[in-house]
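Residue numbers (numbering that gives the first Met the number 0), protein chains in the order written: chain A, 0 to 184; chain B, 0 to 246.
The set of hints was computed from the structure by calculation and includes no laboratory data. Hints may be right or wrong, so weigh each one.
Away from chain B, derived, C-beta distances all over 10 Å, residues of chain A [as the list claims (entries may be wrong)]:
#1 Ile2
#2 His42
#3 Pro137
#4 Gln138
Calculated pairs, DMTMM-like style, for lysine to aspartate or glutamate (alpha carbon to alpha carbon, straight line, at most 25 Å) [unchecked claim]:
#5 Lys216(B) <-> Glu117(A)
#6 Lys60(B) <-> Glu133(A)
#7 Lys60(B) <-> Glu5(A)
#8 Lys60(B) <-> Glu154(A)
#9 Lys60(B) <-> Glu48(A)
#10 Lys207(B) <-> Asp45(A)
#11 Lys60(B) <-> Glu117(A)
#12 Lys60(B) <-> Asp45(A)
#13 Lys30(B) <-> Glu63(B)
#14 Lys168(A) <-> Glu6(B)
#15 Lys30(B) <-> Asp86(A)
#16 Lys168(A) <-> Asp172(B)
#17 Lys60(B) <-> Asp18(A)
#18 Lys60(B) <-> Asp86(A)
#19 Lys60(B) <-> Glu49(A)
Even glycine gets a Cβ: it sits at the ideal position worked out from N, Cα and C.
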Amino acid sequence: MDITDEARSQLLQRCAAGDAAALRTLYDQVAPQLFSILLRILHRTDLAEEALQEVFMSVWRNASSYRPGRGSPMAWLTSIARYRALDVRRSLRPDQFSGDLMEIAQETVAAEDTDLVEKASLTADAQRLENCMEQLTPQHGRAIRLAFINGLTHEEIAVRIGSPIGTVKSWVRRGLQALRHCLGS
Amino acid sequence: MNYQHAELIDRLAASYVLGTLRGRARRRFEKLLSGSIPMRRAVQGWEQRLFWMSVRLAPVKPPERVWMQIANRIGATKAVVAAPVQTSHLWQAIAATVAGIALTLGVLLMTREPEVQVRVQTQVEVQPVQSAHTAIVADATAPIWVLNAYPGVGSSAAELRVQAVREVPLAADRAFELWMLSDSGAPPVSLGLLPRNGSAVLPLTAEKLRVLIATSKIAVSIEPAGGSPTGAPTGPVPYVAPLLHIA
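Looking at chain A on its own, in the form it has when it is part of the complex:
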């Protein structure tokens, strides 16, 4: 854990004790990052705002279940946000979601490579993952990013890339194995 992790871990402990000011401080620090994650998966600002609200309610209620030993607070917060966004996506009827599969897939084309922070400005840990991602074959890496960043299912990735779903599944599986190998345990 670095200093930022340490500070955020303490903020979570204060949230667990019912300290609303700690939640606000945490919100100021991480809400923009989490909002960006939610927007990528949900596309719609209203859905992302609602999800962000739920994420922080969940943080407020479950702060006591965060254990510093289980890793970085940001990994914990990111997971809460992503799982929430995936749940929202799953619960929406197709007509509530902007467009059909093909449209969604096309929308994400633009989002795939834009608005990324320069690799050089990343922390050492983030660069380590980036380096491992770069060692994957382009298809494996792209399929994994579309799943993780854009929240796409195997089927949606298949439509987006124009490859059979079985191929996509195998890319994702092999990509994850390679990442695990590259990053170690």
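With chain A held as given, fit chain B onto it using these hints.
Chain B alone, transformed into the frame defined by chain A:
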């Protein structure tokens, strides 16, 4: 399927974290997750490995209304939610510069160190008596009850005011009973039955008020209509919430 198999667990955990495990398989995995340490450990490992991918996304500042709704729901600050724009600017300015501000339901801002109280005048009407003990009982989606304890002033007795925000389904022959949970292992103390809808005032005896001031958690149990026959919770406990002591 043998979920104990380490490699299979790891593969499922990876798909779960990545998000490609969907539908019934995802829900089944989630159910098993709470009861399996190896599965939780595998999931945490993947969360830790993959979350770095999202730090490359450029941050997007959410509109201030999102925080206002959160603040409203956790009961942190009526002033921030209800007051005009200037107040929220004021709040932002203070939050940015002063560490550890406790904001009560009204307009009393207190810095933790040094021990100086700062009263900030706003257009929000000041409540003559402020509740210093407050709780929101909620499920995973939204608040159900808002509780505020008022210590008695002069000849008026102490009371707990409860507002049901929405009605949750419950069998007709059952009731929700509110309890104070002790940190030291003492048995829960009943505060009375919660209203299904609307509001209610639960009287607080001097003894109950004394316990309440030292209580950090409350719980709601499902009891026969009329309340627990034994004086202790007898049914399931669907809700637990922190009791906040402000100021």
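Checked hints:
No Cβ of chain B approaches the Cβ of Ile2(A) within 10 Å, the least distance being about 15 Å, so the stated non-interface status holds. Non-interface status of His42(A) relative to chain B is upheld: no Cβ of that chain comes within 10 Å, the nearest being about 13 Å off. Residue placement check: Pro137(A) keeps its beta carbon more than 10 Å from all beta carbons of chain B (closest about 16 Å). Even its closest Cβ contact with chain B, about 15 Å, leaves Gln138(A) beyond 10 Å, as expected for a residue assigned away from the interface.
Restraint check for Lys216(B) and Glu117(A): not satisfied, since their Cα atoms lie roughly 45 Å apart, outside the 25 Å limit. For the given pair, Lys60(B) sits about 29 Å from Glu133(A) by alpha-carbon distance, which is inconsistent with the 25 Å threshold. Our distance criterion of 25 Å between C-alpha atoms is met by Lys60(B) and Glu5(A), whose separation comes to about 23 Å. Our distance criterion of 25 Å between C-alpha atoms is broken by Lys60(B) and Glu154(A), whose separation comes to about 31 Å.
Annotation: proposed proximity of Lys60(B) to Glu48(A) holds, straight-line Cα distance about 11 Å (limit 25 Å). Simply put, Lys207(B) and Asp45(A) have alpha-carbon atoms about 44 Å apart, too far for the 25 Å limit, and the pair is violated. A C-alpha spacing of about 19 Å is found between Lys60(B) and Glu117(A), which places the hinted pair at or below 25 Å, so the restraint holds. For the hint pairing Lys60(B) with Asp45(A), the CA-to-CA distance comes to about 14 Å; that is within 25 Å, so the pair holds.
Distance restraint check for Lys30(B) and Glu63(B): the Cα-Cα separation of roughly 35 Å exceeds the 25 Å cut-off, and the hinted pair is therefore not satisfied. At most 25 Å may separate the alpha-carbon atoms for a hinted pair to count; Lys168(A) and Glu6(B) meet this at roughly 17 Å. Using a Cα cut-off of 25 Å, the hinted pair Lys30(B) and Asp86(A) holds, with the two alpha carbons roughly 15 Å apart. Between the alpha carbons of Lys168(A) and Asp172(B) the distance comes to roughly 51 Å, so the proposed pair goes past 25 Å and is violated.
Between the alpha carbons of Lys60(B) and Asp18(A) the distance comes to roughly 23 Å, so the proposed pair stays at or under 25 Å and holds. For the hint pairing Lys60(B) with Asp86(A), the CA-to-CA distance comes to about 22 Å; that is within 25 Å, so the pair holds. For the given pair, Lys60(B) sits about 14 Å from Glu49(A) by alpha-carbon distance, which is consistent with the 25 Å threshold.
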